[in-house]
Structure formats: structure tokens, C-alpha cells
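Undergrad: One line per chain: the protein sequences are A and B, in this order. Taken in order, the first sequence gives residues 5 to 311; the numbers are from this note's numbering. Taken in order, the second sequence gives residues 144 to 516; the numbers are from this note's numbering.
Wrong hints could be hidden among the right ones.
[Stated by the list, open to error] Selected chain B positions facing chain A (in silico; Cβ < 10 Å):
1. N289
2. S382
3. L386
[Stated by the list, open to error] Covered by chain A, per the in silico footprint, the following chain B stretches (three or more residues, Cβ under 8 Å):
4. 168 to 174
5. 402 to 410
6. 460 to 474
No lab work stands behind these hints: they were computed from the structure. Built from N, CA and C at the ideal position, the CB exists for glycine as well.
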Amino acid sequence: MSRLLVVAGKGGVGKTTVTAALARASADRGLRVLVVSLDGRPGLAALLGGRPDAGATYEGDVLAAGLGPERRGSIHLRTLSASEALQDYLATQGLARLAKRLVSTGVVDVVASAAPGIDDLLLLGKIKHLVGLAGPDGPHDLIVADGPAAGHALSLFRSPAAMAETVRGGPIRSQAIEVQQMLRDPNRCRVVLVTLPESTPVSETLETASMLTDEIGTTLAPMVVNGFDSAPDIDALVVADRLPAGQLGDAARFRARRCAVHRRELDRLTAATDVDVLTLPHLARAGLGAADVRTLATALLDRSAAG
Amino acid sequence: MAARRGKPTMGALIDTAAVVVCCGSGGVGKTTTAAAIAVEAARRGRRVVVVTIDPAKRLADALGLSGSLDNEPRPVDGALLGDPELRLWAMMLDARATFDSVVRRHARDEAQVRRILDNAFYRNVASRLSGSQEYMAAEKLYELHNDERFDLVVVDTPPSREALDFLDAPQKLMNFLDHRVYRWLVAPTRGGLKVLNVAAQPIIRTIGKVIGADVLADAITFFRAFEGIESGFRERARSVQTLLRSRSTRYVVVASPRNDTVEEALYFVDQLGREGVDVGALVLNRLLPDFGRGSSTSARTAARKAEREGNTDLATLHANLADLRSMAEAEALAVQPVVAAVSVAPVVRLRQRPEDVHDLAAILSLADELIAH
Numbered sequence: 005m006s007r008l009l010v011v012a013g014k015g016g017v018g019k020t021t022v023t024a025a026l027a028r029a030s031a032d033r034g035l036r037v038l039v040v041s042l043d044g045r046p047g048l049a050a051l052l053g054g055r056p057d058a059g060a061t062y063e064g065d066v067l068a069a070g071l072g073p074e075r076r077g078s079i080h081l082r083t084l085s086a087s088e089a090l091q092d093y094l095a096t097q098g099l100a101r102l103a104k105r106l107v108s109t110g111v112v113d114v115v116a117s118a119a120p121g122i123d124d125l126l127l128l129g130k131i132k133h134l135v136g137l138a139g140p141d142g143p144h145d146l147i148v149a150d151g152p153a154a155g156h157a158l159s160l161f162r163s164p165a166a167m168a169e170t171v172r173g174g175p176i177r178s179q180a181i182e183v184q185q186m187l188r189d190p191n192r193c194r195v196v197l198v199t200l201p202e203s204t205p206v207s208e209t210l211e212t213a214s215m216l217t218d219e220i221g222t223t224l225a226p227m228v229v230n231g232f233d234s235a236p237d238i239d240a241l242v243v244a245d246r247l248p249a250g251q252l253g254d255a256a257r258f259r260a261r262r263c264a265v266h267r268r269e270l271d272r273l274t275a276a277t278d279v280d281v282l283t284l285p286h287l288a289r290a291g292l293g294a295a296d297v298r299t300l301a302t303a304l305l306d307r308s309a310a311g
Numbered sequence: 144m145a146a147r148r149g150k151p152t153m154g155a156l157i158d159t160a161a162v163v164v165c166c167g168s169g170g171v172g173k174t175t176t177a178a179a180i181a182v183e184a185a186r187r188g189r190r191v192v193v194v195t196i197d198p199a200k201r202l203a204d205a206l207g208l209s210g211s212l213d214n215e216p217r218p219v220d221g222a223l224l225g226d227p228e229l230r231l232w233a234m235m236l237d238a239r240a241t242f243d244s245v246v247r248r249h250a251r252d253e254a255q256v257r258r259i260l261d262n263a264f265y266r267n268v269a270s271r272l273s274g275s276q277e278y279m280a281a282e283k284l285y286e287l288h289n290d291e292r293f294d295l296v297v298v299d300t301p302p303s304r305e306a307l308d309f310l311d312a313p314q315k316l317m318n319f320l321d322h323r324v325y326r327w328l329v330a331p332t333r334g335g336l337k338v339l340n341v342a343a344q345p346i347i348r349t350i351g352k353v354i355g356a357d358v359l360a361d362a363i364t365f366f367r368a369f370e371g372i373e374s375g376f377r378e379r380a381r382s383v384q385t386l387l388r389s390r391s392t393r394y395v396v397v398a399s400p401r402n403d404t405v406e407e408a409l410y411f412v413d414q415l416g417r418e419g420v421d422v423g424a425l426v427l428n429r430l431l432p433d434f435g436r437g438s439s440t441s442a443r444t445a446a447r448k449a450e451r452e453g454n455t456d457l458a459t460l461h462a463n464l465a466d467l468r469s470m471a472e473a474e475a476l477a478v479q480p481v482v483a484a485v486s487v488a489p490v491v492r493l494r495q496r497p498e499d500v501h502d503l504a505a506i507l508s509l510a511d512e513l514i515a516h
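All chains should be built: construct the whole structure from the sequences, respecting the hints.
TA: Spelled out as C-alpha cells, the structure:
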């Protein structure tokens, strides 16, 4: 099983909901799950069943324990930041005391500016360290990263290559190369792309997918199409042209048009990618039901995350 | 508020603002909202330029921006919008080109321009320095604001986690220029010391250990090349900051009716409030249309009744209406917290289209909805 799943997608596609559902479902199967938030987005803790401010720190909080078979499953949420990752990193380089000083004087900000991309690399370096610890004997079985929104995900994944190119030697270069190796290793890392069945999101997802696989060499987990609507009985009425005037007819035409767009975009996505595409239904309520969460977990954990 | 008279409405905001900043998380339709605001303002007789950051390709095509690489506003053909007299321009921000022109503006001579633009570190900084895209958007906004051709600048902000990334970008640049390390890097040349001495300072040596000596050397060269123009930079950053916080700059928060994007919109509103910036308007994008008055429950009851009477078609139609209404009710519930949070600002509701908005006709109809209140 891949030890790290990075959930990525544009804002508003339900990425955080998918992250939470995946974490919850994995814990319910007895896995000890670490959820890492890269930007401290609000809402994730609440979706995982914790207080809104839980997990906001670098060390994080345990939000659930004793779940699943043998009551082994748990959820731990923590928020990683580049400056803390830098301190950790400098400590491993034997520069712990200096690290404190660098951070307290704000020199870190200048370092980050002096070597653009270093903060992204530091975050990935920290995740690589956590992935290295994960496993049956480690503190966690699975790490789910709630990736940064939109274009940030690509620049995040590009940072190691960019750093390896800019920095011609030294510890940062070796860190960059090691992180790159992790991003390319399907046993350690896969990316779950989340999107909506609409034309712009699908086009952008396909672009992101090809950049991740071709340019970075990352393996994709199944993609998740969120909010997929389908109403075959309404389609049938519209096709048969048996619609009354007024709101009932308007509502039916609106629904049928929307479902047709969703179907068309899902087909376009499926045709253009090699990985499985899962759909989550469009729901009247704003969250996912238990059955949706189970479907998602089965697909992501069994079908593809198994390495 | 002083610039506004009477009841705050989107129309009044469009009539009186000098700058409109559309902010919100990615994927909520900021770019289309910015385009609709610009179109509406132009229809009201204003001379408008809309700055987009990263428009979807078809939207860029619709605005006539495809292949637009010169980082300058291009006129939008008013005839396509039904009025050849409209004075509307659109441009796509090129952060790097904007940074280059800032350097050109402040540099003493061509040699200094070349020293900076050719520096490897600068090439990295210009495109990747955190906040540089935000700062350059603000910088371009300031430039257009002072351009005689326009009396309203509408800007789409880079997709960001933080509203403050944009608002604070000038301050960040100033902090960077004021930073001790920056001073250490630049100061020795004033004292007649050599680069070697800079590199010998313990803290600089440590940074070199971390980022690599060659990157550091590039950085030192860059800062030295920069010497003498940072005061121009700083002054400009201060003017940009003043404009961003002026009362004629209005912030429009854009959200879509999902719990997660509403969370983010709330966070934006909160951040703006902490900075003492009022929300000019809240745009709720992609809401389901209304299908008559009535609740999902009443439609559900009608569906059951039709079912009992053996009218399957009618039952299906009522059930569909009930589904759409429950979705709309869930949306109304989801947006409630952010609507409450902006209390006095006008709230504009834009309806979902079956297709993405990517042509001028759709932008026109959004513009109609924008002020239909």
C-alpha cells in the first residue's frame, strides 16, 4: 500500500471533503492515519470530527482513536509549516541552536526568498521524513496530505526539480533529490486528483494529471469526480418530450441539461486518462453519506493504493 | 463608505469605485465575476480595464486575450457586447514582465537594468518569490489606476489561501528591503568592503551552507546590483499600499455555495475585517435557479400524491423539483454564515448556468444579474 496519498484539486471541488472522507474510512478499517494539512485551511478538523481549532499546530492532535478492527484505527491531524520544517531540518544537520536564532530573527523569511521554492521543498522533506517512519512498526500506517489548492500543488511538486537545478551541491540538493525519488515511487506516494464534472475543471485536471505523470513522474491514484448528477427517469421524459409548461417542465429541462453536461465531461475525463475515475453523487446535503465514504475508501485503498 | 451615497448596492459600488478587487478561493468564479463587473461598469459609461490572472483558455478567447503576451490592456470589441461605444479593456497579468518593467523604471541606467535582469537569482525571484505574483498584481493595478485612459480598474486576485497575501504584498516587499540580512548584504559596499567579507559573516555563512554557496553568491550579486534603487521600490510599494487601503478601492468577496468554499470566504471576510478593510459586496456564485415558490417538502408531498394516483410521469417531475429544491435549501443553509458575516454589504446572487461561463453572451447575462436587485 502506498504510504502517502496527496489529495489535490482546485478550490471548491470538495478536496477537503474527500481528504476527510478518505481519512475517516481508512481509520474505520483499522489504519492509523496521519492527516497533514499544508496550509492550515479551516474546516478540516471539523470534517474529521474534531473541534474547529484542533490539529492546527505542528505537532497536531489525535482526533479519533480506537476505531475499526481491534480498535486499532486512529486519526491524527497536524498542520505543517515551512519555518518549523526548516528548524527540524537544521536540527538534523547539527545546527539546532542556530535554527532557533534563524527563526526568531526572521532570517528564515529571507532564506525562503533567497532560494525560491525552498519552503515547498522543506514541507515535502518533512513529509518524506514522516513517510519514512510510517509502516507497521511506525506511528502511522497511512499519511493523507490535504494538498494546497489550485496551482500550488504543481509548484509544490515541481520544487524539488527546480531546487536540484538551482543548487549545485550541499544538503539542500541531496534533500531535493531524495524528495524527487519519493514523488516518483508509487509504493510511497500517489496523488488523488479531485474535480467536478464541468468543462473547465475537467480540462484543468487533465492538464495537471499529465504534468504530474510526465514531468514529475508521480503515479496517480484513481481520480474522484465530485458532485456527479444523474437522473435517468428525467432524461427519459425530456427525450420523449412529455414535459408540462411551468416550473415542473423548467426544472426537468434544467436537470436534464445539467446531467448531460456531467455525463459528457465524465466521459471526456475517463477517455483521456488511464487511471480509474470514481464518481461521488451530487447530494442535497453538503457532506458525504456513510455509503459514499465506504465506496471511496474501497476504491482508493484497495484498487489502486495497494502497491 | 464616504464615496457611497444611499443604500449600498452593487450598482452604487460599480458607479463609484476607482478600483474593484475580486477575492476568494480558487474555483469560485472570480475571473468571470470580475469580467461581469467590468462589463456592467462599461455599460454604465465608465472607462474600464479588467485585469485577469489566469483565465481559463476559452474565457481568455472570449475577452480577446489569446496570445496576448505584451502585458498591456487590449480593447474588447464593444460590438460583441451589443454596444460599439463601450470603453472596455482587458489584460492578462504577466508577473515577470511587470517585475521587469518595475526594475526598468527604477534603475539608474541600462547597465544596471541588464545586471539585474540577467542575474540568475533575479530570474528565480521574479517568478517564484512568495507573494511576488500578488505584489505584481497590485503594482499593475496601481499603474493602471494612474493611467488616464481608465477610470475603473477591476482586478482578479491570484488564487490564494490568504486575502492578506494580496493586501500585504507591498508591506512584505518593504519588510524584505528593510530586513537586517538584506542590509548586511548591501551595506558593506557602502562601507567599501568586499563581497568576500559579506560571505564571511557567520550568519551568511550558515545560510550559504543551507541554500548552497552558489545561490548565495548570485543573491549577493543581485542585491548589489539592486543598490540605490531600493528606495524607489520602497516609495512605490508605499503608494501601492495606500491605494489598496483607500476608500475608493472596494473588495468584492466571491464564494460558491459549498460548505468548504463558504468556510474560505468567511476566513477572507474575517481577514479583511482585521485589516480594517470593509467588504464592498459579497457575490454568491453558481446558485441553483429558483423553480417557483415552495419547499422541497411540498414538492415531495405532491410526488407521493401523483404516485398514489398512478401518474408516474407527474410523480417523477415533482420528485425532480423536490431534489432541486432540497439542493437549493442546502445551498441557502451553507451560505448563511457568510451572508451574516458581511451584514451591511450588498449580497449578489448569481445563478448556475448548465455550462461554464466562457463567452461574452454568458458574461453579459451575468452582468444583468449582478445589478438585478
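Undergrad: Failing hints, ascending?
TA: When the structure is compared with the hints, numbers 1, 2 and 3 turn out to be violated.
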